[in-house]
Amino acid sequence: MELAKVIELKESILENNDEDAQVLRDELKEKKICLVNLMSSPGSGKTTTLLALNKYFDGRLRWGVMEADIDSSVDAQTMLDAGVPAVQLHTGGMCHLDADMTRQGVRAIEETGLDLLFLENIGNLVCPAEFDTGAALNMTILSVPEGDDKPAKYPLMYEVADLLVVNKIDALAVFDFDKERMERDVRKRNPDMKIFYISALTGEGVEELAAYLMEKTKEWNA
Amino acid sequence: MGEVRVIEVHEDVFAQNNEAAANVRQLLADNGTFFINVMSAPGSGKTTLLTALIERLKDKITIAEMDVDIESSLDAQRVADATGVRSLQIHNGGLCHIDADMTLRALQEFNIEGVDLLILENIGNLVCPAEFDTGAHRNVMLLSVPEGDDKPLKYPLMFTVSDVVLITKTDTMGFFNFDLEKARERILKLNPNAVILPVSAKTGEGMEALTSYLLDAVSDQQQDS
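Just so you know, the protein sequences line up as chains B and W, in that order. Just so you know, the first sequence maps onto residues 1 to 222 in this note's numbering. Just so you know, the second sequence maps onto residues 1 to 225 in this note's numbering.
Excised from the complex, chain B in its bound form (with noise of 0.2 Å):
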């Protein structure tokens, strides 16, 4: 069995990120890799959305994930163990990523050879939406069992992100969710969101997500 690597991030010292994350931009166009950086609360279901999207991904693009934690590699891990290019990364305590510790994170997993490189971020709403890590594409999820008031509570969280996935939707049943008013407090900060409804588990609506990931890795690399 292969075993996670993990990287321990330095806190970086560059005083102005948005000005280093354009860079790390630029480079990873150059360079056709399309950094896709996923955030969320913690158990909303990252890794296993990640997990479900191999199956679509498999074969038609080369793909891999930076794992980002506090401690541990269980994340790496079971990416590496569904057969996923993946290294771990540490943040020390630190609760969200900036340009320069992506960068570190892309130095240790690009000589793969990617397509399409996932950050999946620390699990928190509030510290990560600050930092422009560099991405072609913010992603968030929102998972059914915390409730249609998180966009309400976290706007930053919402306004960063292009790409909304409401997960765990087989939970829905169980779970008072208004899909309509999270929507529109959703539109209220960020008109444009791409909004789509999946469940990780069951698989439903992973294939029009996957589709819609390629189309914009297409879109970037070409």
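Because the hints were derived from the structure by calculation, they are not lab data. Bear in mind the structure is a predicted one, so any value in this text is a computation, not a measurement. Note that the Cβ used here is the ideal one computed from N, Cα and C, for glycine as well. One or more hints might be untrue.
DEER-style ranges, computed between Cβ atoms [unchecked claim]:
#1 W/N111 x B/A173: 41 to 47 Å
#2 B/A173 x W/G84: 30 to 36 Å
#3 W/S219 x B/E19: 54 to 60 Å
#4 B/L3 x W/E185: 20 to 26 Å
#5 W/Q223 x B/A82: 52 to 58 Å
#6 B/K179 x W/E208: 41 to 47 Å
#7 W/E55 x B/G113: 57 to 63 Å
Here the structure of chain B is known, so what remains is to put chain W in place on it, guided by the hints.
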């Protein structure tokens, strides 16, 4: 050396916060108020659980509640509407935590005379709030069943600093793959003294145990002071 200076600044911040936290704790103890800091990931059910809990406690003791959010006032309003207790909404302007100094400032606005139990509902976040002592007598955290039993592995500090871990939404246990024994083992490995209580605000499971735990803690505090 830049690096050394950064570390000193961090230590300084925490040292100052620890002092402010001690002041908060003393102020509340003198007043006979027991103070709990409630933390969790977003959407794990803090507001729902607190509303159910306050409903059970409010005829026995006097409760006040403070809610921290980035900018909305949904939670404080919900708690106040549902329970009738005094509730204060704190907007922290985008920060991912609340520290002891912010608690102290909130307490200056919020008269706590005669309050037996003061509840702080922290920002939904498993990282930053764990790093800052708010001056609470006990840290209470919620881990909801849909989040998964691996959270102690991924957010160890939160579980280390929490005196009480509530496993919430246990009514959905049949629906999600959540191994309660595994969760318990992982929590106790980080924090052997943690009190772990499975609860459901919806079905009422475990609410009796939580209620008596808090009533005991409040009465212990008042006997000591």
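- Item | Hint check for B/E19 and W/S219 - Cβ pair distance inside 54 to 60 Å | holds, 57 Å
- Message: Just to be sure I understand the hint, the distance between the Cβ atoms of W/N111 and B/A173 should be within 41 to 47 Å; is that true here?
- Response: holds, 44 Å
- CB of B/L3 to CB of W/E185, is that within 20 to 26 Å? Given range 20 to 26 Å: holds, Cβ gap about 23 Å.
- Message: Quick check: does the Cβ-Cβ distance between B/A173 and W/G84 fall within 30 to 36 Å?
- Response: holds, 32 Å
- Item | Assessment of proposed distance window 52 to 58 Å (beta carbons of W/Q223, B/A82) | holds, 56 Å
- W/E55 and B/G113, beta-carbon distance inside 57 to 63 Å? Once the Cβ atoms are compared, 58 Å apart, the range 57 to 63 Å for B/G113 and W/E55 holds.
- With 41 to 47 Å as the target window, see if B/K179 and W/E208 comply at their CB atoms. violated, 35 Å
When the structure is compared with the earlier hints, a violation turns up for hint 6 alone.
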